[in-house]
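Q: Sequence:
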Amino acid sequence: PFVRPLDDGLTLFGRARTGQYTALDAPSSAANPYELEMALIDDLRPDEVAVLACGGPTDWIAPWGELLTTAARARGAAGCLTDGLVRDVRRIREMRFPVFHGGVGPLDTKNRAEMTAMDIEIRIAGAVVSPGDWILGDADGVVAVPAAIAEDVFRAALAKIEAEDTTRAELEAGAPLREVFARHGVL
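In case it helps, the working numbering puts the sequence shown at residues 116 to 302.
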């Protein structure tokens, strides 16, 4: 529940591309501590979601900002999901790029954390996500649907939407809630 949309008017939907961040105890000795992060963003394809695990909630790891948003958007990516912090909020909202985050802070990852793996199974905000899993987020929150069961999950979700639409229409027409529930079993 702590992972929230940066703009609750946007919907996030796409396939996961994963990145694992590890907190640093000391400044990185790597010549380019952003190498793996840049590789993931540069390799994003249309409708993919950058899913960045930072061990959140965290108050000092912020992997996502305006520049990664700009690069991801230019590649047609569907959005970003992170349990870390984000920054450059105003600019990201202006771009209308879906970002789900674990908080907002004016930091980056330099000397705080480093992406240590990409395209592996990760644990983000308590959920396990693998590359290729489906990510869906809206104003109510975000879910990850494992690719192996996605077809069944989507079929069940569409059936529930249909039942809710029917229930809503009957309630709007004035039918008693108890009777509508007895007919459709949906609340």
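No lab work stands behind these hints, which were simulated from the structure alone.
Don't take every hint at face value.
Pairwise CB distance ranges, derived in the manner of DEER restraints [to be verified]:
| # | residue 1 | residue 2 | range |
| --- | --- | --- | --- |
| 1 | 119 | 272 | 17 to 23 Å |
| 2 | 161 | 299 | 36 to 42 Å |
| 3 | 283 | 258 | 20 to 26 Å |
| 4 | 263 | 285 | 33 to 39 Å |
| 5 | 140 | 238 | 17 to 23 Å |
| 6 | 142 | 271 | 45 to 51 Å |
| 7 | 261 | 146 | 34 to 40 Å |
| 8 | 206 | 285 | 40 to 46 Å |
Virtual Cβ for every residue (Gly too), placed ideally from N, Cα, C.
Q: Taking the hints in turn, state whether each one holds.
A: Evaluated hints:
{"no.": "1", "hint": "119 <-> 272: 17 to 23 Å", "result": "21 Å, holds"}
{"no.": "2", "hint": "161 <-> 299: 36 to 42 Å", "result": "38 Å, holds"}
{"no.": "3", "hint": "283 <-> 258: 20 to 26 Å", "result": "22 Å, holds"}
{"no.": "4", "hint": "263 <-> 285: 33 to 39 Å", "result": "36 Å, holds"}
{"no.": "5", "hint": "140 <-> 238: 17 to 23 Å", "result": "21 Å, holds"}
{"no.": "6", "hint": "142 <-> 271: 45 to 51 Å", "result": "48 Å, holds"}
{"no.": "7", "hint": "261 <-> 146: 34 to 40 Å", "result": "37 Å, holds"}
{"no.": "8", "hint": "206 <-> 285: 40 to 46 Å", "result": "45 Å, holds"}
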